[in-house]
Amino acid sequence: MTLVLTPKVTPPQRLDLSALLPHLLADKSSKEIAAIDLATTCEKITVGDLFRIRAGSAEEIRFEDGSERFDGVGQGLNRGRILVAGDAGINAGRKMSGGELVISGNVGPYAGSAMAGGRLEILGNAGDFLAAPREGELNGMSGGLLVLRGAAGLRAGDRLRRGTILIEGGAGDWLGSRLIAGTLVVLGRAGMSPGYLMRRGTIVLAKPPALAATFVDCGQFASSFPAVFGRFLLPESRGAARLFRAPLRRFAGDMAVLGKGEIFVPA
Amino acid sequence: MKAFVDGAAVGLDAAAAAAARVLGAARLPVIAGLGTDVAGARAAIALAEKLRGAYDHLASDVLLRDIDVMRQAGRILTTANDVRLRADCVLFVGPKLFESLPDLPKHLDLAAPPRLSVTKTRKVFWLGASRGEAAQVGATEIAASPSSLPQVLANLRAAVLERKTRANGAQKLVELAAQLKAAHFGVVVCAADSLDRLTIEMLHGLVVDLNEKTRFTTLALGPGGNALGVVQTSGWMTGFPVRTGFGRGYPEHDIWRFDANRMVEADEADAALWISAYRAEAPQWNRRIPLVALAKPQTRFAYPPRVKIEVGTPGEDHDAIEFSQEIATFALARAKNASNAPRVADVIGRIEQNLAKGSEAC
Chain A
160 MTLVLTPKVT PPQRLDLSAL LPHLLADKSS KEIAAIDLAT TCEKITVGDL FRIRAGSAEE
220 IRFEDGSERF DGVGQGLNRG RILVAGDAGI NAGRKMSGGE LVISGNVGPY AGSAMAGGRL
280 EILGNAGDFL AAPREGELNG MSGGLLVLRG AAGLRAGDRL RRGTILIEGG AGDWLGSRLI
340 AGTLVVLGRA GMSPGYLMRR GTIVLAKPPA LAATFVDCGQ FASSFPAVFG RFLLPESRGA
400 ARLFRAPLRR FAGDMAVLGK GEIFVPA
Chain B
8 MKAFVDGAAV GLDAAAAAAA RVLGAARLPV IAGLGTDVAG ARAAIALAEK LRGAYDHLAS
68 DVLLRDIDVM RQAGRILTTA NDVRLRADCV LFVGPKLFES LPDLPKHLDL AAPPRLSVTK
128 TRKVFWLGAS RGEAAQVGAT EIAASPSSLP QVLANLRAAV LERKTRANGA QKLVELAAQL
188 KAAHFGVVVC AADSLDRLTI EMLHGLVVDL NEKTRFTTLA LGPGGNALGV VQTSGWMTGF
248 PVRTGFGRGY PEHDIWRFDA NRMVEADEAD AALWISAYRA EAPQWNRRIP LVALAKPQTR
308 FAYPPRVKIE VGTPGEDHDA IEFSQEIATF ALARAKNASN APRVADVIGR IEQNLAKGSE
368 AC
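Protein chains in written order, with this note's numbering: chain A, 160 to 426; chain B, 8 to 369.
Please keep in mind that the hints were generated in silico from the structure rather than gathered at the bench. Some hints here could point you the wrong way.
BS3-like mimics (lysine-lysine), calculated; alpha carbons at most 30 Å apart, straight line [stated by the list, open to error]: (1) B/Lys130 / B/Lys113; (2) B/Lys171 / A/Lys366; (3) B/Lys220 / A/Lys419.
Model the full structure from these sequences, guided by the hints.
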């Protein structure tokens, strides 16, 4: 049975929930879980202070409600499932390497930051720097699948290195900035300057803005690979599968950097 | 110079005691502004640690653009002296570069030939200058609007790499690229104030690319008011730049979480200490949280501070150690008009003494 955490008070401060992971709670009793400190200020607040706990196997943890102040939800997740029936703050699913995290509400900036594996699904909108590296880190997301049903803020997929990001809503300016490799698909309207400073990797835009001059038109793309990739995405998103079935036109760039990246737009 | 508690003039001791009560009672106090000399910054950061609060600088948005490029991509930097002595090719990028450093053009002395250069001649270009600015240093102007700079610099970098692009009319940039590549010791002069983070990264990447064939470096101008000195002080005290918090008892750096304006508006910070000793600047936030202000007398606040202590200006009212951008290191700034106006460091020292006497944070 699932371990269920039901918030009983509004969080009086930002909380760090990164300790609430299946592999960290596996051998803990309800009492031990209730004693875990979640505070980010000098005022202590424990799991027991904040949540009503329904004991169960920690392989699946369900939060019955969320909050913009729930930071680090699923941060470092490596197995099992975490479900949040509400919003989450910053760093949701950051550095996760396995398992599954599903958040039904909106998330703050840096969701999926530097994630390396597993599946992260966000049903609402995300803040800036989706999947991006944090202060002083060199790489963004390096593996796994990130599905965002809503819209993303600025610089989604910054320094993406491997893995797939699928955004069903729109995306803000500087989408896929400094991309190193990996795949970034956006079905909604994309903001200005996608792929700025990208070295390699693939961006696919259903509704692209005017592309920068440092992206060179390569004409219609004749390959069977988009259809294969579309079938891979079909269980996740019918819209994405449809985008990959239609003919695509390829732009190579960013020519200001290495120029081995590509942006696909509908032909 | 005066001190006030709830608008009423009081002695410095009474004001410091009141400030200690306001800050000591907070769950998460934020020390914002931080417009002060090195001694003031040291005292403020030590106070933040004691209170288990957070600190941020009034110019953080600008400072962090350079810092983020530094720590995520790298930069090649030089000093103003090297520009004056060695640079045979200088490229200014962006508008209003001398606004916070009005003496810099004189210091760079670009009209004179570079003494330590093999060519003894100097070419000066300015990409995206504001009106009349390029003539001030005798630069050849290449027009570009601030909003077009990200793409113009991308096109310039592609031109240096001799890559094909779709840029029309980029002939001027191709010519500029040839001039840059012909330099023996080239320098890009730019300021984070007028460029965004990615454009700064593009510009430093351009310098790295030019170093494949020649020597090229950057003179990166920061905000005034000892902002760079505060960042360095923060670095040696905590290992992090500004926007660092001690909420959990140890320093954590988070450029989003410890943005002072955000913390106040989101009802996370429940008291603030505002410091602005260089300029009469007030906090930007709208929520009226209990405020202690160490500020210049003429500062106009959006709402009255609980405690206001008027402080002297570093290098004006009292001697101060500041980071000098002219020489790219710390220097002593002697008081130009010495007065007995209190120093930020001394006032914070008094507040801290009162904390020790009374309620400790949490």
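Hints and how they fare:
| no. | hint | verdict |
| --- | --- | --- |
| 1 | B/Lys130 / B/Lys113 | 17 Å, holds |
| 2 | B/Lys171 / A/Lys366 | 25 Å, holds |
| 3 | B/Lys220 / A/Lys419 | 22 Å, holds |
The earlier numbered hints are all upheld by this structure, with none contradicted.
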